[in-house]
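Participant: The lines below spell out each chain.
Protein chains: 2
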Amino acid sequence: MTIIITAFERSPDGGKGLARDTRVRWALEEAEQPYGVRLVSMAAMKEPAHLRLHPFGQIPTYEEGDLVLFETGAIVFHIAQHHAGLLPDDANARARAITWMFAALNSVEPPILELVIAKILEGDKPWAQERLPLVKDRVRERLTQLSARLGDAEWLDGAFSAGDLMMVSVLLRLRPSGLLDEFPSLAAYVARGEARPAYQRAFAAQLAINAA
Amino acid sequence: MTIIITAFERSPDGGKGLARDTRVRWALEEAEQPYGVRLVSMAAMKEPAHLRLHPFGQIPTYEEGDLVLFETGAIVFHIAQHHAGLLPDDANARARAITWMFAALNSVEPPILELVIAKILEGDKPWAQERLPLVKDRVRERLTQLSARLGDAEWLDGAFSAGDLMMVSVLLRLRPSGLLDEFPSLAAYVARGEARPAYQRAFAAQLAINAA
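These protein sequence lines are chains A and B, in that order.
Heads up: the first sequence at position 37 corresponds to 37 in the working numbering, and the numbers run straight through without jumps.
So the mapping is simple: the working numbering equals the position in the second sequence, first residue as 1, plus 1000.
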């Protein structure tokens, strides 16, 4: 069955790969699954036709026959569960890889989202400069814990998994802030993710749209 | 195999059920699985023995034989996948229920967490009063979209699932703010979750510790 995902007609990041369709493209490339892309404008994302696919009016969505999914974590998990290459076969190792997916999305991404909001949505507020160091310190706390756990391992738990795909994708959002470079082992971890051929193909595919 | 979870020795909320072990207890009660609890002090959470179980130094954790999991979403998912009662059998319905788990944790909880942080961690900052309405409006935006999707349905997608368990648990964090009551259909949805016998048992179990 044909897989169709949605992506921004024009990504707010201009093609840096930070829009969330890149995470889904990456998973599809790791799983070697072909897919089509339907581009959606900012206006169309908030209209009823798109809201039927995605209640929060965002991208990406995922359509495969009768199945409609939203929420990047759920889409990547669905791909990982139905194709080889993103989750280990051993039941316990699989549960731990899934744990890292949730950890990326619910423990690491929230403080990073807060930093993005502090800079973009609240960058012009009178408190912006005084508040920013607090927000950055909350991100640093998580990165300190994450880098302690990673140690000098290549990936978070054995072989590369959907947990790493999600964690690398979440950490990539930090690069513009300079915070990632404060943690060399995490910066190297992210670079290993970006060096994967599947990530390269995913990145190129989203760039081709945004550079057009 | 015996299941052991960790919980706060003394929950910061004094037993209101907002600590995340309640979510795991609820899932275990829905799945009718017995479990043991190991209580952890705030100091012990940050010590090496606990950090080996949970890299971010939090509760809950989940131990079952050789398997150690952290991250509430992953633990609830693991329980849901191995026992009846929390995920539908039909493959597409199952994928959609899992989607709501991720949506609760990555789309709805982050703005709610921001509100908790704005009040608790930044409540004494000079910008607190002026900034609070912005944070609340970001929560309201999500609640508006969520209540539009829920409509007059009982649960988010067919029968009660782990997606509802997670969404109700996330929305419960909003009750002290009064924001939940601005959305009567969501307040009623949360009340339906709380009325489930499994939730009642989970709530009572955590209260028994914190009232002691």
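Since the hints were made in silico from the structure, they are not lab data.
Note that the structure is a prediction, hence the values are computed from the model and not measured.
One or more hints might be untrue.
[Said to hold, decoys possible] Incomplete in silico selection of chain B near chain A, CB under 7 Å:
1) L1067
2) A1128
3) Q1129
[Claimed, not checked] Okay, derived cross-link-like pairs now, DSBU-like style, lysine-lysine, Cα gap no bigger than 35 Å in a straight line:
4) K119/A to K1046/B
5) K136/A to K46/A
6) K1119/B to K119/A
7) K1046/B to K1136/B
We put the CB at the ideal spot given by N, CA and C, even for glycine.
Participant: Against each hint, give a clear statement of whether it holds in the structure.
Facilitator: How the hints compare with the structure:
no., hint, verdict
1, L1067, "holds (5 Å)"
2, A1128, "violated (9 Å)"
3, Q1129, "violated (11 Å)"
4, K119/A to K1046/B, "holds (30 Å)"
5, K136/A to K46/A, "holds (31 Å)"
6, K1119/B to K119/A, "holds (20 Å)"
7, K1046/B to K1136/B, "holds (31 Å)"
The structure shown violates the earlier hints numbered 2, 3.
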